[in-house]
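**Q** Chain residues, written in single-letter form:
Protein chains: 2
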Amino acid sequence: MFNKRVKIKELLASETTGQEVVVMGWVRTFRNNQFIALNDGSTNNNLQVVVELGMLDEPTLKRITTSASLKVTGQVVASQGKGQKIEVKATLVEILGDSDAEVYPLQPKKHSLEFLREKAHLRFRTNTFGAIFRVRHSLAFAVHKFFHEKGFVYMHTPIITASDAEGAGEMFRVTTLPMDNAPKNEDGSIDFKEDFFGRSTNLTVSGQLEGELAATAFSEIYTFGPTFRAENSNTARHLAEFWMIEPEMAFYDIEDNMNLAEEFIKYLIRFAMDNNREDLEFLAQRLTEEEKQLPQDKRSEMGLIEKLEFVLNNDFERITYTEAIDILLNSPAYKKKKFQYEVKWGVDMQSEHERYLVEKHFKKPVIVTGYPKAIKSFYMRENEDGKTVAAMDILAPGIGEIVGGSQREERLDKLTKRMEELHIPADEMWWYLDTRRFGTVPHAGFGLGFERMVLFVTGMTNIRDVIAFPRTPKSAEF
Amino acid sequence: MFNKRVKIKELLASETTGQEVVVMGWVRTFRNNQFIALNDGSTNNNLQVVVELGMLDEPTLKRITTSASLKVTGQVVASQGKGQKIEVKATLVEILGDSDAEVYPLQPKKHSLEFLREKAHLRFRTNTFGAIFRVRHSLAFAVHKFFHEKGFVYMHTPIITASDAEGAGEMFRVTTLPMDNAPKNEDGSIDFKEDFFGRSTNLTVSGQLEGELAATAFSEIYTFGPTFRAENSNTARHLAEFWMIEPEMAFYDIEDNMNLAEEFIKYLIRFAMDNNREDLEFLAQRLTEEEKQLPQDKRSEMGLIEKLEFVLNNDFERITYTEAIDILLNSPAYKKKKFQYEVKWGVDMQSEHERYLVEKHFKKPVIVTGYPKAIKSFYMRENEDGKTVAAMDILAPGIGEIVGGSQREERLDKLTKRMEELHIPADEMWWYLDTRRFGTVPHAGFGLGFERMVLFVTGMTNIRDVIAFPRTPKSAEF
Numbered sequence: 001m002f003n004k005r006v007k008i009k010e011l012l013a014s015e016t017t018g019q020e021v022v023v024m025g026w027v028r029t030f031r032n033n034q035f036i037a038l039n040d041g042s043t044n045n046n047l048q049v050v051v052e053l054g055m056l057d058e059p060t061l062k063r064i065t066t067s068a069s070l071k072v073t074g075q076v077v078a079s080q081g082k083g084q085k086i087e088v089k090a091t092l093v094e095i096l097g098d099s100d101a102e103v104y105p106l107q108p109k110k111h112s113l114e115f116l117r118e119k120a121h122l123r124f125r126t127n128t129f130g131a132i133f134r135v136r137h138s139l140a141f142a143v144h145k146f147f148h149e150k151g152f153v154y155m156h157t158p159i160i161t162a163s164d165a166e167g168a169g170e171m172f173r174v175t176t177l178p179m180d181n182a183p184k185n186e187d188g189s190i191d192f193k194e195d196f197f198g199r200s201t202n203l204t205v206s207g208q209l210e211g212e213l214a215a216t217a218f219s220e221i222y223t224f225g226p227t228f229r230a231e232n233s234n235t236a237r238h239l240a241e242f243w244m245i246e247p248e249m250a251f252y253d254i255e256d257n258m259n260l261a262e263e264f265i266k267y268l269i270r271f272a273m274d275n276n277r278e279d280l281e282f283l284a285q286r287l288t289e290e291e292k293q294l295p296q297d298k299r300s301e302m303g304l305i306e307k308l309e310f311v312l313n314n315d316f317e318r319i320t321y322t323e324a325i326d327i328l329l330n331s332p333a334y335k336k337k338k339f340q341y342e343v344k345w346g347v348d349m350q351s352e353h354e355r356y357l358v359e360k361h362f363k364k365p366v367i368v369t370g371y372p373k374a375i376k377s378f379y380m381r382e383n384e385d386g387k388t389v390a391a392m393d394i395l396a397p398g399i400g401e402i403v404g405g406s407q408r409e410e411r412l413d414k415l416t417k418r419m420e421e422l423h424i425p426a427d428e429m430w431w432y433l434d435t436r437r438f439g440t441v442p443h444a445g446f447g448l449g450f451e452r453m454v455l456f457v458t459g460m461t462n463i464r465d466v467i468a469f470p471r472t473p474k475s476a477e478f
Numbered sequence: 001m002f003n004k005r006v007k008i009k010e011l012l013a014s015e016t017t018g019q020e021v022v023v024m025g026w027v028r029t030f031r032n033n034q035f036i037a038l039n040d041g042s043t044n045n046n047l048q049v050v051v052e053l054g055m056l057d058e059p060t061l062k063r064i065t066t067s068a069s070l071k072v073t074g075q076v077v078a079s080q081g082k083g084q085k086i087e088v089k090a091t092l093v094e095i096l097g098d099s100d101a102e103v104y105p106l107q108p109k110k111h112s113l114e115f116l117r118e119k120a121h122l123r124f125r126t127n128t129f130g131a132i133f134r135v136r137h138s139l140a141f142a143v144h145k146f147f148h149e150k151g152f153v154y155m156h157t158p159i160i161t162a163s164d165a166e167g168a169g170e171m172f173r174v175t176t177l178p179m180d181n182a183p184k185n186e187d188g189s190i191d192f193k194e195d196f197f198g199r200s201t202n203l204t205v206s207g208q209l210e211g212e213l214a215a216t217a218f219s220e221i222y223t224f225g226p227t228f229r230a231e232n233s234n235t236a237r238h239l240a241e242f243w244m245i246e247p248e249m250a251f252y253d254i255e256d257n258m259n260l261a262e263e264f265i266k267y268l269i270r271f272a273m274d275n276n277r278e279d280l281e282f283l284a285q286r287l288t289e290e291e292k293q294l295p296q297d298k299r300s301e302m303g304l305i306e307k308l309e310f311v312l313n314n315d316f317e318r319i320t321y322t323e324a325i326d327i328l329l330n331s332p333a334y335k336k337k338k339f340q341y342e343v344k345w346g347v348d349m350q351s352e353h354e355r356y357l358v359e360k361h362f363k364k365p366v367i368v369t370g371y372p373k374a375i376k377s378f379y380m381r382e383n384e385d386g387k388t389v390a391a392m393d394i395l396a397p398g399i400g401e402i403v404g405g406s407q408r409e410e411r412l413d414k415l416t417k418r419m420e421e422l423h424i425p426a427d428e429m430w431w432y433l434d435t436r437r438f439g440t441v442p443h444a445g446f447g448l449g450f451e452r453m454v455l456f457v458t459g460m461t462n463i464r465d466v467i468a469f470p471r472t473p474k475s476a477e478f
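These protein sequence lines are chains A and B, in that order. In terms of our numbering, the first sequence opens at residue 1 and continues consecutively. In terms of our numbering, the second sequence opens at residue 1 and continues consecutively.
Just chain A, same shape as in the assembly:
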């Protein structure tokens, strides 16, 4: 058994002194041949290890470089330095692994986020990414905790799917057929009966339809898994592979759905605030620093912590799509022709419109409901007006759409009619329609893009910085 170590986070949290400890981690800095800032990833706060002058020989001292790994045995003593209550006075310093300062890519200085994206395998060792991924962890845990405590059942819906009915976007093909010599049918088309699954298969764009199957047995379920879009969108908001949370609830209408989504988002934020205060404060400071480079009017009106507190302490605004369009049409921005895209009932809102609503008009998260039927998916429940559906989008400041959901169309006749109109083949969807044939129930659900939530809570602005190894057009490194 390897020697028992104490984690730096625990050590720094305790104020006991005098005991002997073993700590292990990576060197962040080494000052005056005497003060090692040691980090083990449990917190951004480094442990100060004090090496007495003369204790280590010159060659050993030279090996204590940034990112070298150490095992330190020593005594916990009260610290003389500022900002730390305790430090470790080393009695033994063992170098576990060297790190050649000449070639180690991350120097103890500020690197750009772009540069660090190319070093995604090492960026976890920086304060910024240490904080981001500990917050991401907490948010993921909070997702499970929230639903578990409410009695929801976690479902793993399939990643590989033959269903392409949702039409949520371009899909990736999954195949074991040879690309240069795929078997063909007599008419020249590819013979997918020869493929691994005996049919054409893709990566899922959503677990919702399968989630509905489970919800009509367990009442309340959720998914949390990877989803995929083969869209050639090279933006700061899109990923080809991202994680999504999709709760689906029997016996919920659109209002229940809104209530759950709002409670859920606030729960996640509260959990991170309670469990990652130091990391969030670090990220808040980072954001403030970053925004200093921007002109005054482009800077956030609130600091990160302030923004999160504000979201926690205020109800989300709830408006209909029709009301949203009215607000936009009456806005100074519209009148001054500042919008690039059309504002018109029946046309989908663009990012600029959504941002206007949440950032300029309401200055808080907004839930928009009652979208025109024509711009929403076939499974959304038709409202009594016959023109709109019980859809809901939640728009967040700085992020835009963070949640998309709806009450589902539980009436078999309306659902099949809508599928016909949209040329969705009912025979491929027999299993989905069965839920409406056998004990159909009012039900609703939504999807939360997990990375967008992490962006919102960490104050980061590029989605590639909140997932470990981003998958984007022309890039699948690591």
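If you are wondering where the hints come from, they were derived from the structure by calculation, not from laboratory data. Treat each hint with caution, since some may be false.
Identical copies carry no separate label here, and so any pair may be met within one copy or between two of them.
Think about it this way: if two alpha-carbon atoms lie no more than 25 Å apart in a straight line, the pair counts; the simulated DSS-like pairs of lysine-lysine are [to be verified]:
#: 1; residue 1: Lys145; residue 2: Lys9
#: 2; residue 1: Lys376; residue 2: Lys335
#: 3; residue 1: Lys71; residue 2: Lys363
#: 4; residue 1: Lys376; residue 2: Lys414
#: 5; residue 1: Lys266; residue 2: Lys145
#: 6; residue 1: Lys266; residue 2: Lys82
#: 7; residue 1: Lys150; residue 2: Lys71
#: 8; residue 1: Lys4; residue 2: Lys145
#: 9; residue 1: Lys363; residue 2: Lys298
#: 10; residue 1: Lys363; residue 2: Lys292
#: 11; residue 1: Lys85; residue 2: Lys150
#: 12; residue 1: Lys193; residue 2: Lys474
#: 13; residue 1: Lys150; residue 2: Lys9
#: 14; residue 1: Lys110; residue 2: Lys266
#: 15; residue 1: Lys184; residue 2: Lys9
#: 16; residue 1: Lys4; residue 2: Lys150
#: 17; residue 1: Lys85; residue 2: Lys298
#: 18; residue 1: Lys193; residue 2: Lys119
#: 19; residue 1: Lys474; residue 2: Lys184
#: 20; residue 1: Lys266; residue 2: Lys4
#: 21; residue 1: Lys335; residue 2: Lys82
Just so we're clear, the structure is a prediction, and the values are computed from it rather than from any experiment.
Using the hints, position chain B against chain A.
**A** Only chain B this time, still in chain A's reference frame:
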């Protein structure tokens, strides 16, 4: 807002009577035009709803069929019946959704597991699958809780990957190129620079290598995500898509690794025992019933609950591969030539050998370490004998291999030498090797196949029965 309902699990757990409640769910049975067994998926225990004679007209009574969905308003009263403390005396019964008894596929009788696999969209509505998926949920939650409490960071490693170095098995290609007309290079090979990611990509077989990158920053991380094998294995133990948990820990050796894995498995079992007692008792009974069809000597020696208690209360056996081979060579089974496959040092053990060790010889979970280098992966740490590696497999009764892991080779020279021997291109693995170049540390990790764990805890025998929508050769339904 839809009318507030109380969940049946909560209602049955309380002994308060007299209050008015609203319950919703699906009809399991309807006896004597008077007693409705209502289920909402929160528990296998049905709520008895009593309809007074004459309260509903004949046409309505006829609509109360298996799987019809109801909203019932009524008063909670003490039950006269056996096995239930309370029941609900209906004052209002609303039918939310009909279920035509003539066509509804699941009759209130026992269906075979094979039949239910074809109705995977409805099988959640049976007692068996209700229990299985609630237990699966609990195990998944326990995974997150275990690691969260220990300070591990949950990492989402990539699903789509360009890395194919692990060699864990056949892979699925992910592509957006046209199958019948993929662009080609001058030499006739497919031009993957034109593909979505600008290179050839596959579905991941393991998140381990990326997990190691994160572990060398956060010390302790874990993954829990889908993994894939394009193997044409149509067995009761294999899936093309399955979920895996892969913790990876800096500053751990193989013994620390074994200790963590054993503690982890016991934690999961304990969590299910504490939180899903009723479901496990149901599954235990199901197993006993099922095994009645088997000859005496094929039946389990212990009931399901007894088996789980036994695993909790006993240390896993820990032996080396060399010891395992000796045991096999000296076994009555070997001497009577009952093994189909060769038993010889240097040759991988087959399922029959593993089962002999855990089911006949030790009768409990066994951790086997020190496998011959030649039959294990390149990244496993070479032992001092130069012949074996610090690998570990955990074998469980009835399941076989449930965990595979190792201490990783942290010495750059040994690792690159091994990669050369196995013709693994170092230039494609630069990011992996960087962890050994910059502050390398002793580290270890393992993978737990989640579905195999669910099999073990539920006593089910076919892996297709413990994942919602199994993906297997020639099958990707739903």
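**Q** Tell me the hint numbers this structure goes against, listed in increasing order.
**A** Violated hints (numbers, rising): 2, 3, 6, 14, 15, 17, 21; every other hint is consistent with the structure.
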